[in-house]
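Undergrad: Sequence:
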Amino acid sequence: MINKRFLLASWLSCLTRNSKIVMSSLIVLLISGCASERFGDDIDHKKIAPVSLPKGPVALVLSDLATETAKELDIYNRRYKSGMIGGLYMDSIRQAYVDTSDPELGIAGVTRMLKAKFGKVERFKSVEEASHGDIKLIVKLDMQTRLINDRSSDPASYLSLEFSDVNQQYLGKLESMSRRTLTPVWTGHKREKEIVSDIRQQGEIQAHALELLEQKLSDVPLKN
1 MINKRFLLAS
11 WLSCLTRNSK
21 IVMSSLIVLL
31 ISGCASERFG
41 DDIDHKKIAP
51 VSLPKGPVAL
61 VLSDLATETA
71 KELDIYNRRY
81 KSGMIGGLYM
91 DSIRQAYVDT
101 SDPELGIAGV
111 TRMLKAKFGK
121 VERFKSVEEA
131 SHGDIKLIVK
141 LDMQTRLIND
151 RSSDPASYLS
161 LEFSDVNQQY
171 LGKLESMSRR
181 TLTPVWTGHK
191 REKEIVSDIR
201 QQGEIQAHAL
211 ELLEQKLSDV
221 PLKN
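Residue numbers (UniProt numbering): 1 to 224.
Just so you know, the hints here were simulated from the structure itself, not pulled from any lab data.
By construction, the Cβ of each residue, glycine as well, lies at the ideal position given by its N, Cα and C atoms.
Hints are not guaranteed to be accurate.
[Claimed, not checked] Once the Cα atoms are required to be at most 25 angstroms apart in a straight line, the calculated PhoX-like pairs of lysine-lysine come out as: (1) K140 to K216; (2) K47 to K173; (3) K125 to K71; (4) K115 to K125; (5) K140 to K47; (6) K136 to K125; (7) K115 to K216.
[Unchecked claim] DEER-style ranges, computed between Cβ atoms: (8) R179 to R123: 20 to 30 angstroms; (9) V166 to R191: 53 to 63 angstroms; (10) K115 to R200: 19 to 29 angstroms; (11) P54 to S92: 42 to 52 angstroms; (12) R179 to E68: 17 to 27 angstroms; (13) G87 to D219: 41 to 51 angstroms; (14) D99 to G133: 32 to 42 angstroms; (15) R78 to I48: 30 to 40 angstroms; (16) G87 to H132: 44 to 54 angstroms; (17) R151 to A116: 33 to 43 angstroms; (18) I75 to S126: 16 to 26 angstroms; (19) R151 to S92: 19 to 29 angstroms.
Modelling step: build the complete structure from the supplied sequences, incorporating the hints.
TA: Okay, here's the thing in structure tokens:
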């Protein structure tokens, strides 16, 4: 006869070993992250690239969408970095979520490329505020990021730089987008390494969008 206590002990041991994966699968249903149903195609694109641009410095302004995206990324990031939910995941999975949802990743990347191109970059809260300064070139950053969540395994990153002069005259716009379609992360049969690899791809597409934007910016000559 099979010992019932032995069966119970075995079952509890198995449950303990797999509890983090099981709980992760359940908890992910509660996390929507920053996956807005709209993305990219719903944005009003002005696809006229600038023929040339004045030399720096530049005034950098974040659009309302970029500000909203940064806030959503921060919420997503903190859930895994310091929230109770993060403790339910294996360390490697939790860290992958944290590393790929840094709200400053896109903003810092754009700031670096603008500094490399124009020299000095100064942040302003609005185009109106920037236009009252003595900086001749205003750059408005638009940003949208879609991360993996219960509704989507299609991470995507959209960036745009809209250029205008101090009189708010439109000078052109540069855009970049990168996206991937993955199999659902929490299918129940993926191993830890596969899950980590999938999650880290959402960081790769953000880096790719930055690279594409930097390439386009490098092709725009500066006026003498």
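Undergrad: Next, verify each hint and record whether it holds.
TA: Evaluation of the provided hints:
Distance check on the hinted pair: K140 and K216 sit about 16 angstroms apart at the alpha-carbon level, within 25 angstroms; holds. Taking the CA atoms of K47 and K173, the gap is about 6 angstroms. The hint holds against a cut of 25 angstroms. Simply put, K125 and K71 have alpha-carbon atoms about 15 angstroms apart, close enough for the 25 angstroms limit, and the pair holds. Annotation: proposed proximity of K115 to K125 holds, straight-line Cα distance about 18 angstroms (limit 25 angstroms).
Only pairs whose Cα atoms come within 25 angstroms are accepted, and K140 paired with K47 is accepted, the gap being roughly 14 angstroms. Pair hint K136 plus K125 holds up; C-alpha atoms about 16 angstroms apart against a cutoff of 25 angstroms. About 15 angstroms separates the Cα atoms of K115 and K216, which keeps this hinted pair within 25 angstroms; it holds. With their beta carbons about 28 angstroms apart, R179 and R123 fall inside the hinted range of 20 to 30 angstroms.
With their beta carbons about 56 angstroms apart, V166 and R191 fall inside the hinted range of 53 to 63 angstroms. Between K115 and R200, the C-beta spacing of about 27 angstroms keeps the proposed range 19 to 29 angstroms intact. The given range of 42 to 52 angstroms is respected by P54 and S92, whose C-beta atoms sit roughly 47 angstroms from each other. For the pair R179 and E68, the beta carbons lie near 19 angstroms from each other, so the given range of 17 to 27 angstroms is met.
The beta-carbon spacing between G87 and D219, approximately 46 angstroms, falls within the hinted interval of 41 to 51 angstroms. Separated by about 36 angstroms at the C-beta atoms, D99 and G133 satisfy the suggested range of 32 to 42 angstroms. Separated by about 38 angstroms at the C-beta atoms, R78 and I48 satisfy the suggested range of 30 to 40 angstroms. For G87 and H132, the Cβ-Cβ distance of about 48 angstroms falls inside the hinted range of 44 to 54 angstroms, so the restraint holds.
Under the hint 33 to 43 angstroms, the C-beta atoms of R151 and A116, about 37 angstroms apart, fit the expected range. Distance hint for I75 and S126: a CB-CB separation of about 24 angstroms, consistent with the stated range 16 to 26 angstroms. At roughly 24 angstroms, the beta carbons of R151 and S92 sit within the given window of 19 to 29 angstroms.
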